[in-house]
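K.L.:
If you're matching them up, the sequences are chains G and U in order.
All residue numbers for the first sequence refer to the working numbering, where the first residue is 1 and numbers rise by one.
All residue numbers for the second sequence refer to the working numbering, where the first residue is 1 and numbers rise by one.
No false leads were slipped in.
Simulated crosslink set (EDC-like; lysine to aspartate or glutamate; CA at most 20 Å straight-line): (1) Lys36(U) / Glu124(G); (2) Lys15(U) / Glu172(G); (3) Lys15(U) / Glu151(G); (4) Lys106(G) / Glu151(G).
It should be emphasised that the hints constitute simulated quantities derived from the structure, not laboratory data.
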Amino acid sequence: MSETYTAPLTFSKVKAGKGLEAALELDRAGVINEITASGLKGRGGAGFPTGVKWNLAAAAKDPVKYVVCNADEGEPGTFKDRVILTDHADLVFEGMTICAYAIGAKKGILYLRGEYTYLQDHIEGILRKRREAKLLGKNAGGKKGFEFNIEVRMGSGAYICGEETALIESLEGQRGEPRNRPPFPVNTGFLGHPTVPNNVETFAWAATIMSKGSEWFKKIGTDKSAGLKIFSVSGDCKQPGVYEFPLGITIKELLKAVGGLDAKAVQVGGASGSCVPAREFNRKIAFEDVATGGSIIVFGPQRDMLKVAENFMEFFHDESCGQCTPCREGNGKILEGIHMLQQGKCSMHYLRELCALGETMQLASKCGLGQTSPNAFLSIVKNFPDEIMGRAGAAQE
Amino acid sequence: MLTPERDQLAENITKWIDQYGGNRSALLPTLQEIQKRHGRVTEYAMQVVADKLSIHPVEVYGVITFYAFLDTKYKGRFIIRLCRTISCDMAGKSRVARQLENDLGIKFGESTADGRFTLEWANCLGLCDHGPALLVNSQVFTHVTPEKVHDIIESCRKAFGAHTLQKEEVHIA
Ligand SMILES: Cc1cc2nc3c(=O)[nH]c(=O)nc-3n(C[C@H](O)[C@H](O)[C@H](O)COP(=O)(O)O)c2cc1C
Ligand code: SF4
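Sequences are here, hints too, so could you generate the full structure?
P.N.:
Written out as structure tokens, the structure is:
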């Protein structure tokens, strides 16, 4: 399978080992300061400042701590972690090692989704080489007294296990049902110990920042969204694939680069993100405007947006862990409503009720899945009302 | 199930649980090993795992039913999982789906009578730039067209002939 890139990713220009070397020359606070100064925010979607997260875990008093790499990449339209793990797994492990040094962890776990089992041997091979090169194990990277090991654990086909507390439950041998937060994993994580969960890409950037300096990273992007971001672009465009852009790029600029300028809408941030109509293509992709974990799905002029909403709701209905009522029942109700709309059998009154239900789910669901699953439906109702109401049902066609 | 096979399974389970740390955290990787070698997790296997971890077998059952890639019921030697999520959908997964059903003579969610194939839907496989995409067990197929479906199935049939005698892949009831 060939990968498509705009240009080689910055990751391919980073000298292996340089970031770790630089980190091990600093003390732990020095590493955290550097990551904090870079302005790096989590690349998995939520955008929590990475330096702050590491600092919280470093400050937690516990001799046992964990670093967890979230490679459960399940958000529809996201595949950049697959590419990063295929081409730059070494850099990801370097980032995990830097984090372990900074927070004082001895053990790291990479949680790889079951769908990526075909990457497991490749990843284990790279880990083996790192162990042989003494970049892992006792006195890792030549630093006396610093011990760190990494293990790969596989998922088994559950999107919800990408949510950090569900992931930890899964690692503990439980059903992948999200926990209440707080307590957050930085305090009470894997087996009750402080744990830093970060996305694959976040770790790769952390290693890159230690290698190239926080100043370099901070200068790119916007004030609130520093640095470069890897995008997974798919759908109705000429060149789908993996792209690297500075955060703050407008949707229009991005569409131009991927050959998708005739789009009528773009789904930014996957099924749980937002559906942006063409008239808003001047908006920026950044944490302060349209946020994304990297998924960009382009909808061409001929796409039926109600069908898009149906596909997303089928996904959430299937992947809800079923633990809390708003999400378990709500996704099914909205999906049912979409079927009614498709048959031209939904009154305006009922559509309003469905939208109110969606808003309740956003407020009352326990985790990010239920809090965001109605987003796409709500924005499609708002932005494409004429595509949705008064449709001819199957019987009349 | 024959006694020697049961003993072998129990021995393997003990080995896996130890290998993955010997506590509850070893549960998922152990179940994954059982699934990989034996095609499903039988009640007997659940009981052995539960005994070794000192938990109730219902706990084990609860975990298995949560995860899409763990099964208590027997499935085909080749599990074909076609991605149904948006990008593969827009790339034409429906026609591939129909061809798979036609060529295998089963519907999604079913297995062929000879026990070779199971056909299932998958949610986003992370191959959105190469759709329509499907997995056969853990192997990836991208840019699948209705025409290519036949070749994919044939390559499985050939592999099946060559591999049936491999001990670790024998299914035990
Ligand atoms: C339903 C759901 C699914 C998620 N899936 C993923 C995922 O596949 N990969 C990921 O890195 N983060 C995922 N997250 C976000 C994680 O909970 C967590 O915020 C992230 O791993 C933290 O890493 P970061 O700060 O580096 O982004 C998901 C969140 C939710 C609510
Ligand atoms: S919001 Fe959905 S996925 Fe999250 S805990 Fe509730 S039921 Fe589970």
